[in-house]
Amino acid sequence: MSRTNSKLLQFTVVFAVVSALVYLIEYFIPSGKGGSLLFNLLFWVAIVEGAVAVVAAAVVTNGKWIFPYKRDLLGVYPLLLLITFLFVAFIPRIEYYPWAHEPGIWLNKNLFIIRCIVFLLAAFGTAHLLAREVLRDGPKKRFYAVIYLLVYVISQTSVAFDWVMSLNYPWYSTLFGGYFFIEAFYTGLALGGILTFLLYKQYQQMEGFPKAQMDMATLLFAFSVFWGSQFYTQYLVIWYGNLPEEVSLIVHRISHSPTRELSYLVIVLLFFIPFVTLISRKLKANPRFLLIISLIVWLGIALERLILIGPVLTVHPVPLIIEFFLVGALFIWVFRQRDQFLAVAGP
Amino acid sequence: MKHKEVDTAKPMTVREKIDYQNEIEERVLGAMRKPTPLYWVGLGISLLMVLIGAISWTHQIRIGMGVAGINNPVGWGVYITDFVFWVGIAHSGTLISAILFLFRAKFRSRFNRSAEAMTVFAVLTAGLFPLIHLGRVWFAYWLFPYPNQRLLWVNFRSPLIWDVFAVSTYLTVSAIFFYVGMIPDLAIVRRFKKGFAKRIYSVLSLGWTGTFKEWQHYNQLYKYLAALATPLVISVHSVVSWDFAMSVIPGWHTTIFAPYFVAGAIFSGCAMVITLVVPMRKMFKLEKIITVDDFDKLAQILLFTSLIVGYAYIVEYTIAFWSGNVFEESQFIYRVVGEYKWFYYLMFFCNVILPLTLFSNRLRRNISYLFIVSIFVNIGMWFERFNIIVMSLAHDFDPYAWGFYMPSLVEFGITLGSFGWFFTWFLIFAKTLPIISITELKEEVA
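Sequence lines, in order, name chains A and B. Using my numbering, you'd call the opening residue of the first sequence number 4 and step up by one each time. Using my numbering, you'd call the opening residue of the second sequence number 62 and step up by one each time.
Don't read these hints as lab results, they were simulated from the structure. The structure displayed is predicted, hence computed values, not measured ones.
For lysine to any residue, the following SDA-like pairs were computed, each having C-alpha atoms within a straight-line distance of at most 25 Å:
#1 A:Lys143 <-> B:Phe164
#2 A:Lys214 <-> B:Asn280
#3 A:Lys67 <-> B:Glu501
#4 B:Lys274 <-> A:Arg284
#5 B:Lys284 <-> A:Ser283
#6 B:Lys167 <-> A:Ala60
#7 B:Lys358 <-> A:Ile150
#8 B:Lys358 <-> A:Asn65
#9 A:Lys67 <-> B:Tyr285
#10 A:Lys214 <-> B:Leu282
#11 A:Lys67 <-> B:Asn422
#12 B:Lys167 <-> A:Glu210
#13 A:Lys67 <-> B:Ala166
#14 A:Lys214 <-> B:Trp276
#15 A:Lys285 <-> B:Leu282
Some chain A residues judged to face chain B by a derived CB distance under 10 Å, without partners named:
#16 Gly107
#17 Leu153
#18 Ser169
#19 Pro173
#20 Tyr175
#21 Thr221
#22 Gln237
#23 Tyr238
#24 Leu239
#25 Glu248
#26 Glu249
Built from N, CA and C at the ideal position, the CB exists for glycine as well.
From just these sequences and the hints, can you work out the full model?
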């Protein structure tokens, strides 16, 4: 058994144990209609799938800026397996979806579970192949990158439509899938921003790093604009149309405190702050500042997802925080072991 | 004649660099010399198409809008389809050029001039259609908010008025972007011209001498314009999509329209660039400059945008059923089984199925095949606009109000005329201005 595979097996065991622990926390701490696990799933799936998608996109476009980052961004892909386990722990919560007791052809419990698990495992499998091929600079790296990106788009669309949109049924928006995979890419780039600070000394040794850092920061800026445009596009059409089934999602959230204030805060965190600050070349070149902006982006994404599920499911702070830090600790643990399971030598 | 392609990425000796730079000048400026018979044939056909369009429009003005096939409920037909089609082509040119510049894509220099010229001419073409569609074209100025005795103002809440501002702003920025990018090349052309032509190029090149300071300012300005043009194009084409999405008509009122239209614009624009550049490359013997590798990269963009467009088609469809909205469901069933179903299948084949063949490296690098695909994509994208506009109007909420529309000969004539108008401008451009950026190509090996 190769070092990568034995390490993945070890991860699988640890992930299964942690998922069992999350299951106990989720279901044995009284928290009403628990939304904490769904929140954690939504937050971490965006970061992990997004980080791998950033590398895949750079491979497809021959982006040289990815060179210092690729190994570290790919280092988080085993967590897709953890997310699959956590999704299994989430299955009893499907009862809270409005369609659960009136199943349709697409929205029925069994098909929902099967397709979500298939998409998550497909994302893990293709990310694994991509990581192996990219790190050994294999001839099929572009092929796997394209495959991963296709799976990523399907997986994130499923996350948006199945996990979130169907929770707010009968609300619907055709842009929601695209909005989610753009957001996930944005969070993946933000992970790059965090790595710039954390691994600055290591990265500095690499040729062309200052330029790569600038490109990463510029992409973060570009995605803040892109996110803003997608948000505005979706909002404007819904607002102008003023159809009850469409505006319901927004009205429920901006009519009451604290979701109203938090909704405004999301726009500030995901658009205004990165847009205004990252215009400056000086700030883009500052790793500490990139860390702050990236954490702001993550906070914005976390709040947005909380707001999306909050009014439908109850998000109790105790299980939310415990589960968040548990998954976060695993994230760090897996990341620290990346050199062991990404066994192929490379920068 | 076989042309050996030059790999500019490989190190060259000083002699090779000078030879290559001289050859670029020779080839690009050679295209501006005396036209060949083939060129005159092309121009003659284009002018004939313009004549057919002009006769059709004159007939419509003389007789009235009744000669067009539009009716109640399908009040928007081929004219608005043509408008959206040409605006899409227009938006992609600057977008391709500006985005590729910001991403430092080297192959851009082979296509950017054609793409930018295409943008300007396509806006000029698109701009005709709201006038044609108005019927009484002499009242076109009513679209503008000007002070008047009756204190009437245009409806600023209407996306159609947003469009007037958006498209005119876009024309201004695109024309500036096109012109500014050409200034150093116009100075090169000036060197080789004599007499009155030299004076014209001297004026157009704004006294460019190529000093370090000029280049410094020029590069800053060009980068700024590219950065300005990119979000502008995205926003302008989003506004075009909102002409439809802001209404509540089934099939129109959908949030994905803005990014879907933007992706569709890049898709159709890439196809049009290929359609224009393949014969141009052959006609002006530019095989050594515009290589198969360059087409391969453009084909990859075509494939990528096709996937986005395909994704949008699928999402629109699935969400129509997912939502449980009977009107949306009915509209999307109508698209595949109604009177226009073959138009829908044609669109899907041209825009989604056929471009999938470009996953094959061999097909992507076959320029004849790529040219054929590009023509099919142009056809598919025209039908996409037709399907969106006509099918939703023909089959909205109330079965009592459903209708059928078939374009009349006058509408076909005007559409043909629009293609003639566009190609005429492009052919004139090919003989009067440098069709490829000479300075950018030279810079690559400098």
